[in-house]
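**Student:** Position chain B relative to chain A; hints supplied.
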Amino acid sequence: GQSLEQPSEVTAVEGAIVQINCTYQTSGFYGLSWYQQHDGGAPTFLSYNALDGLEETGRFSSFLSRSDSYGYLLLQELQMKDSASYFCAVPHQGGKLIFGQGTELSVKP
Amino acid sequence: SQTIHQWPATLVQPVGSPLSLECTVEGTSNPNLYWYRQAAGRGLQLLFYSVGIGQISSEVPQNLSASRPQDRQFILSSKKLLLSDSGFYLCARGQTTMNTEAFFGQGTRLTVV
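So the protein lines, in turn, are chains A and B. With my numbering, letter number 50 in the first sequence gets 50, and the count goes up by one each step, no holes. With my numbering, letter number 83 in the second sequence gets 83, and the count goes up by one each step, no holes.
The shape of chain B in the complex, shown without the other chains:
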């Protein structure tokens, strides 16, 4: 199974509030995990990726952070949301070591108001 559980599906948060989005995956152990953000009508912006527990690579320095406390759990957080954090957040896992095929969760649509 390549199931990826991502919740919630939609979220409305006020500016300045904290954020925690959780993603859990099924399937083979030690997957590569990713967080992407997509603005309306735009491409997939890579935010963070992880090749193992506790290993996080950041692509976009901003007020977001990520953690991987367990092999199949990937968490995206913010201490204080900005309006510009609104978007469609997608968690994904790589299928192989070289990520020739990625599987995505159903995404969280975040609106910061």
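So here's chain A without its partners, still in its complex pose:
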């Protein structure tokens, strides 16, 4: 089977840095994706890691350690608009795409 574990909630203040962790158990691993979903909206793709290491895209970075079955999303210089739910996801050969339960990030002034 497959499962992904994320914290349910994270709170941080504007301008700070926050890290959202994701651990996974899956038969066959091809990479880890991250998505953002604002309240009432659809999820949007943020990043994908197939190999170990850090991928940086502006204020957002994503890290993967395949040996630890672990990844994280790093958000820097937090802004109020970053308040949203963040999901990690893993693709499977055969077409399946599984999401974690999501982490609700609240950014406070």
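A few of these clues could be false.
Unchecked claim - Capping the alpha-carbon separation at 20 Å, the derived lysine to any residue pairs in SDA-like fashion look like this:
| hint | chain 1 | residue 1 | chain 2 | residue 2 |
| --- | --- | --- | --- | --- |
| 1 | A | K96 | B | K79 |
| 2 | A | K96 | B | I53 |
| 3 | A | K96 | B | I75 |
| 4 | A | K96 | B | N30 |
| 5 | A | K96 | B | G54 |
| 6 | A | K96 | B | S57 |
| 7 | A | K96 | B | D71 |
| 8 | B | K79 | B | S57 |
| 9 | A | K108 | B | S67 |
| 10 | A | K96 | B | R109 |
| 11 | A | K81 | B | G41 |
| 12 | A | K108 | A | T26 |
| 13 | A | K96 | B | Q95 |
| 14 | B | K79 | B | L19 |
| 15 | A | K96 | B | V51 |
| 16 | A | K96 | B | T100 |
| 17 | A | K96 | B | V112 |
| 18 | B | K79 | B | R109 |
| 19 | A | K96 | B | L46 |
| 20 | A | K96 | B | S50 |
| 21 | B | K79 | B | V112 |
| 22 | A | K96 | B | L19 |
| 23 | A | K108 | B | S78 |
| 24 | A | K96 | B | S29 |
| 25 | A | K96 | B | S58 |
| 26 | A | K96 | B | G43 |
| 27 | A | K81 | A | S106 |
| 28 | A | K96 | B | T28 |
| 29 | A | K96 | B | A66 |
| 30 | A | K96 | A | T26 |
| 31 | A | K96 | B | S67 |
| 32 | A | K96 | B | Q55 |
Stated by the list, open to error - Calculated from the model, a selection of chain A residues having no Cβ within reach of chain B, i.e. all distances over 12 Å:
| hint | residue |
| --- | --- |
| 33 | L4 |
| 34 | G15 |
| 35 | Q19 |
| 36 | Q25 |
| 37 | N49 |
| 38 | F63 |
| 39 | S67 |
| 40 | D68 |
In short, the hints are calculated from the structure, not lab data. Ideal Cβ placement from N, Cα and C applies to all residues, glycine included.
**Tutor:** Below, chain B without anything else, positioned relative to chain A:
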């Protein structure tokens, strides 16, 4: 274009009534297509996925079904809705064969009353 058309945006249906939600996608041919359901404040539950016309994989056995009559059309159906079918239904397409990036439609918020 990776546009995904999903309608309606909101729907209120009585218990026991049928359901048909349609999703059509633009872009490359033979995309992987998905139906997810999201309860309020919860994660994305994979309901069905399809890797080609007529090919449907079911993840959650329940009173829902899916069909893919055309390459870029994915339909979610029910013969008789239950209260527990209420939720936010999202259609998505995989960007590549390995689905490293998925694009979502705007979703249908279904309330069963």
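**Student:** Evaluate each hint against the coordinates.
**Tutor:** We went through each hint and held it up to the structure:
1. A hinted pair counts as satisfied when its Cα atoms are at most 20 Å apart, and K96/A with K79/B does not qualify at roughly 25 Å.
2. The straight-line distance between the Cα atoms of K96/A and I53/B is roughly 16 Å, inside the 20 Å bound, and the hint therefore holds.
3. Using a Cα cut-off of 20 Å, the hinted pair K96/A and I75/B holds, with the two alpha carbons roughly 17 Å apart.
4. This hinted pair checks out: K96/A and N30/B have alpha carbons roughly 15 Å apart, not beyond 20 Å.
5. Under the criterion of a C-alpha separation no larger than 20 Å, the hint pairing K96/A with G54/B is consistent with the structure, at around 16 Å.
6. At most 20 Å may separate the alpha-carbon atoms for a hinted pair to count; K96/A and S57/B meet this at roughly 9 Å.
7. Between K96/A and D71/B, the direct Cα distance comes to roughly 17 Å. Compliance with the 20 Å bound is thereby established for this hinted pair.
8. A threshold of 20 Å between alpha carbons decides the hint, and for K79/B with S57/B the separation of about 19 Å falls inside it, so the pair holds.
9. About 44 Å separates the Cα atoms of K108/A and S67/B, which puts this hinted pair outside 20 Å; it is violated.
10. Distance check on the hinted pair: K96/A and R109/B sit about 23 Å apart at the alpha-carbon level, beyond 20 Å; violated.
11. Taken as a hint, the K81/A and G41/B pair is honoured in the structure, with Cα atoms around 18 Å apart against an allowance of 20 Å.
12. Of the pairs offered as hints, the one joining K108/A and T26/A is violated, with about 35 Å between alpha carbons and a cut-off of 20 Å exceeded.
13. Straight-line distance between C-alpha atoms of K96/A and Q95/B comes to about 13 Å, which keeps the hinted pair within the 20 Å bound.
14. Proximity of K79/B to L19/B is assessed by CA-CA distance (about 7 Å); at most 20 Å being required, the pair is judged to hold.
15. For the given pair, K96/A sits about 9 Å from V51/B by alpha-carbon distance, which is consistent with the 20 Å threshold.
16. Our distance criterion of 20 Å between C-alpha atoms is met by K96/A and T100/B, whose separation comes to about 11 Å.
17. Simply put, K96/A and V112/B have alpha-carbon atoms about 28 Å apart, too far for the 20 Å limit, and the pair is violated.
18. At roughly 18 Å between alpha-carbon atoms, K79/B and R109/B fall within 20 Å of each other, so this suggested pair holds.
19. Pair hint K96/A plus L46/B holds up; C-alpha atoms about 9 Å apart against a cutoff of 20 Å.
20. With a CA separation close to 9 Å, the supplied pair K96/A and S50/B stays within the 20 Å bound.
21. At most 20 Å may separate the alpha-carbon atoms for a hinted pair to count; K79/B and V112/B meet this at roughly 13 Å.
22. Restraint check for K96/A and L19/B: the C-alpha separation of about 24 Å exceeds 20 Å, so the hint is violated.
23. With a CA separation close to 42 Å, the supplied pair K108/A and S78/B exceeds the 20 Å bound.
24. For the given pair, K96/A sits about 18 Å from S29/B by alpha-carbon distance, which is consistent with the 20 Å threshold.
25. With a C-alpha separation of about 10 Å, the suggested pair K96/A and S58/B falls inside the 20 Å cut-off, and the hint holds.
26. For the hint pairing K96/A with G43/B, the CA-to-CA distance comes to about 16 Å; that is within 20 Å, so the pair holds.
27. This hinted pair checks out: K81/A and S106/A have alpha carbons roughly 10 Å apart, not beyond 20 Å.
28. Simply put, K96/A and T28/B have alpha-carbon atoms about 19 Å apart, close enough for the 20 Å limit, and the pair holds.
29. Note on K96/A and A66/B: the hinted pairing holds, with a Cα-Cα distance of about 15 Å set against a maximum of 20 Å.
30. Using a Cα cut-off of 20 Å, the hinted pair K96/A and T26/A holds, with the two alpha carbons roughly 12 Å apart.
31. With a C-alpha separation of about 16 Å, the suggested pairing of K96/A with S67/B holds against the 20 Å cut-off.
32. Distance hint between K96/A and Q55/B is fulfilled; the C-alpha atoms sit about 13 Å from each other, no more than 20 Å.
33. Not every CB of chain B lies more than 12 Å from the CB of L4/A, the least distance being 9 Å, so the non-interface label is violated.
34. At roughly 27 Å from the closest C-beta of chain B, the C-beta of G15/A stays outside 12 Å, upholding its exclusion from the interface.
35. At roughly 19 Å from the closest C-beta of chain B, the C-beta of Q19/A stays outside 12 Å, upholding its exclusion from the interface.
36. Chain B leaves Q25/A outside its interface by the beta-carbon criterion, the shortest separation being 16 Å against a cut-off of 12 Å.
37. Non-interface call for N49/A relative to chain B: violated, since the shortest CB-CB distance, roughly 9 Å, does not exceed 12 Å.
38. Here F63/A stays apart from chain B, with its beta-carbon at least about 16 Å from theirs, past the 12 Å limit.
39. Every CB of chain B is more than 12 Å from the CB of S67/A (nearest about 20 Å), matching its label as outside the interface.
40. Remark: the non-interface label on D68/A is consistent with the geometry, its nearest Cβ contact in chain B lying 21 Å away (cut-off 12 Å).
The structure does not agree with the numbered hints 1, 9, 10, 12, 17, 22, 23, 33 and 37 stated previously, though it agrees with the rest.
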